[in-house]
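Spelled out from the first residue to the last, the chains are:
There are 2 protein chains.
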Amino acid sequence: MTDRRIAQLSREFRSALLDDTIPFWLDHATDRQFGGYTTFLDRRGDILCPDKPMWAQGRIGWVMARLYNFIEKRPEWLAASRHAVDFILAHGFDADGRVFYSVTREGKPLRKRRYLFAEIFAIMAFAEYAKAAQDPGILERAKKLMTFVQDIHARAWPATGALEPKVFPQTRPMRGHSMAMIQINTLQIVRDADFSSSPLPYDRMIDAQIDEVFRYFVKPEMKALLETVGPDGEYLGDTPEGRCVNPGHAIETAWFIMAEARRRADQALLRRALEILDWSLALGWDRKYGGILYFVDIEGKQPVQYEWDMKLFWPHNEAIYATLLALSLTGEKKYEQWFEKILKWTMSRFPDKEFGEWIGYLHRDGTVSHDLKGNMWKGCFHVPRMQLYCHLLLEEMLRKGAG
Amino acid sequence: MTDRRIAQLSREFRSALLDDTIPFWLDHATDRQFGGYTTFLDRRGDILCPDKPMWAQGRIGWVMARLYNFIEKRPEWLAASRHAVDFILAHGFDADGRVFYSVTREGKPLRKRRYLFAEIFAIMAFAEYAKAAQDPGILERAKKLMTFVQDIHARAWPATGALEPKVFPQTRPMRGHSMAMIQINTLQIVRDADFSSSPLPYDRMIDAQIDEVFRYFVKPEMKALLETVGPDGEYLGDTPEGRCVNPGHAIETAWFIMAEARRRADQALLRRALEILDWSLALGWDRKYGGILYFVDIEGKQPVQYEWDMKLFWPHNEAIYATLLALSLTGEKKYEQWFEKILKWTMSRFPDKEFGEWIGYLHRDGTVSHDLKGNMWKGCFHVPRMQLYCHLLLEEMLRKGAG
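Note that the protein sequences, when read in sequence, are chains A and B.
When the letters of the first sequence are read in order and numbered with this note's numbering, they come out as residues 72 to 474.
When the letters of the second sequence are read in order and numbered with this note's numbering, they come out as residues 72 to 474.
In short, the hints are calculated from the structure, not lab data.
Since this is a predicted model, take the numbers as computed values, not measurements.
Incorrect hints may have been included.
A pair counts as met if it fits within one copy or between any two copies, since identical chains are not told apart.
[Unchecked claim] Here are the simulated DSBU-like pairs of lysine-lysine, each with C-alpha atoms no more than 35 Å apart in a straight line:
1) 372 to 179
2) 294 to 179
3) 290 to 179
4) 290 to 412
5) 424 to 372
6) 372 to 359
7) 290 to 359
8) 294 to 415
This is chain A alone, in the form it adopts within the complex:
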């Protein structure tokens, strides 16, 4: 990639982030009456549902503090992060210490789910905000919640299966890939934010999660990272869950591990992560229409999810950053080709030139299926994270003269 192309891309990602994505969310989602953010928005940014998913509060709180920590110290970003953190602290927690899945606009609990992602995104927001504000109290909240999540997860598995898919665990015990994957990234964020004199043993904790990913879910003989396996990593090939690959998810895992390999200058770990990326791109790229399929059956059978062949915004975000990171770490031409191909497909379809930000969901053939900007899962997270991370990485590539 030429320096000229790198500089151009860096400007474009920065401008999309700061002139489009962030203003869209701050303008339309900030709830000045009840606090927090209403992120369930239609194409224009009007409210489709006033309920507040706690995932979305944590995610936007993290993004705003991340901008403050990595772009520049704008007080409005710090305040925007605090706006989310305050809402989570005021309305996010149940009496048992767990975080609700969603609350009403006013903050009354609506749903609580078995799995722990609401907690995870609260940890990310607390840690990144704590670093920005140099707030030791919030940092401690983040670390305590991280330990709490790890404890619940350890206790739940495998005795009760309470956090796994809703099966009778005595009949068919299963392991899901998500918790190991998301903990790698969450621990990286808390580690980078922790300015205290008593850090958790982050490297060791991250190692344990990376080890779990490779021990149970990565299948070199199938060239795939599987979403669901048996308790010892057994292939559950009889069932659609056992055969399911989520390429976007696997690509996200790949770049979390690549980031760890970069930090540790661990070439062996990098190669193992790149394998996951290579397999997942090969499996997920739709040779008929382009773009990345949501779910694939590793035996080539019909995937069963209604949405299996839809093109969602977020796997494209993950693939753009993962291929750019792979290019920057290896200099291999194939990653530049993947990056440019995915970027071109994505940028010609997802960004909403009329109302800003991105269309969330396309049909397989690339036509729009949903023009909404936010729902329980889409909010201020994947798009700005990709834009921010790509911009920062491209700047680093320029400084190092990677071109």
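Following the hints, put chain B in place on chain A, whose structure we already have.
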């Protein structure tokens, strides 16, 4: 509709039912080793998942006995119904009397869900089989299970909300349309099957469910039947659930009530049911590509379900039979036009000319999204029910000289 057209259609539905649909399921789904039916099949009829949804067992058990009761007394249909009933009796019930949602091929429990549809389809199978076999013991099981379901449903609402969507009921109590709707049809089936000297008060029980549909869910001022409302039928227009119309579901409700109106020769009830049909066709028919949309937002906002604009097999089944029944009961030309339009769209897309039976799921534009024949919801039910009911109704129209 001309007598010639009626006779032609009757032959076509009968032939599709007896020469295609039923052999497909009996050939591919019958599990001679472990009993019951493996209905989660790919396009060719090969197993995609060996797990046995209990819905599917009850449904195929009902269909086979219905053929026996309404087409002719073929011993293989009675045996096929018994094959499902035996599996449900052997492996379907938990210790608390409830029915599992799914079990393994061998019959070990996998999932149990809060809502009561596994029980409902077991009741249908038990009742229809009992009538076919003149088996008073199984008839009593059906009636006991029906009473049990009504008791659980009555106790669960509104105190715990246990059977409603997973919200904190104290924050936002909600009523769903499904249980009233499915009980109308289940009670009709049990009533028709009950040869005992101690029938339940079926008419009164059906009245109560019809009353619930009209009292809470039917909104003449919106020209819609809503899926989810507040405890007293309040419009929850702030939320996507509250604005959601499921046209196929509403059309199914309409014909259950039309069938009751026919039986009672109740013209007022018929008119009220026809209104639901008219509204739901107007809302659900896709003016862009044809076919019936899965979900519609009554305010015209973006529906939020991933699958909102997919064309599923079953709403088309319901709409074909509902419009034919409406035509036969009113003689109104508009229902003939709807019937022919929906039938033409459906028959040119869903039937699988190569491997038999029907493709389950299409994209909005009518292209295939999933070529599977069965999953947790599609099995031997909607397609053969539509074919059987249309055939029987067309024969009745011929006898009455409706043309």
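So, going through the hints one by one against the coordinates:
In this assembly of identical chains, residue 372 and residue 179 lie within 35 Å of each other by CA distance solely across copies; the values are 25 Å between and 43 Å within a copy. Taking the closest pair of Cα atoms, residue 294 and residue 179 come within 35 Å of each other only across two copies (32 Å); inside a single copy the shortest separation is 45 Å, beyond that limit. Taking identical chains as interchangeable, the C-alpha atoms of residue 290 and residue 179 lie at most 35 Å apart only when they sit on different chains, with a minimum of 28 Å there against 44 Å within one chain. In this assembly of identical chains, the alpha carbons of residue 290 and residue 412 lie at most 35 Å apart only when taken from the same copy (27 Å versus 50 Å across copies).
When the C-alpha separation of residue 424 and residue 372 is checked against a cutoff of 35 Å, the pair qualifies only between copies, where the shortest distance is 20 Å, while the shortest distance within a copy is 37 Å. In this assembly of identical chains, residue 372 and residue 359 lie within 35 Å of each other by CA distance both inside one copy and across copies; the values are 17 Å within and 31 Å between. Taking the shortest alpha-carbon separations for residue 290 and residue 359, only the intra-copy value of 26 Å comes in at or below 35 Å, while the best inter-copy value is 44 Å. Within a single copy, residue 294 and residue 415 get their C-alpha atoms as close as 26 Å, which meets the 35 Å cut-off; across copies the closest is 44 Å, which misses it.
Every hint from the earlier list agrees with this structure, and none is contradicted.
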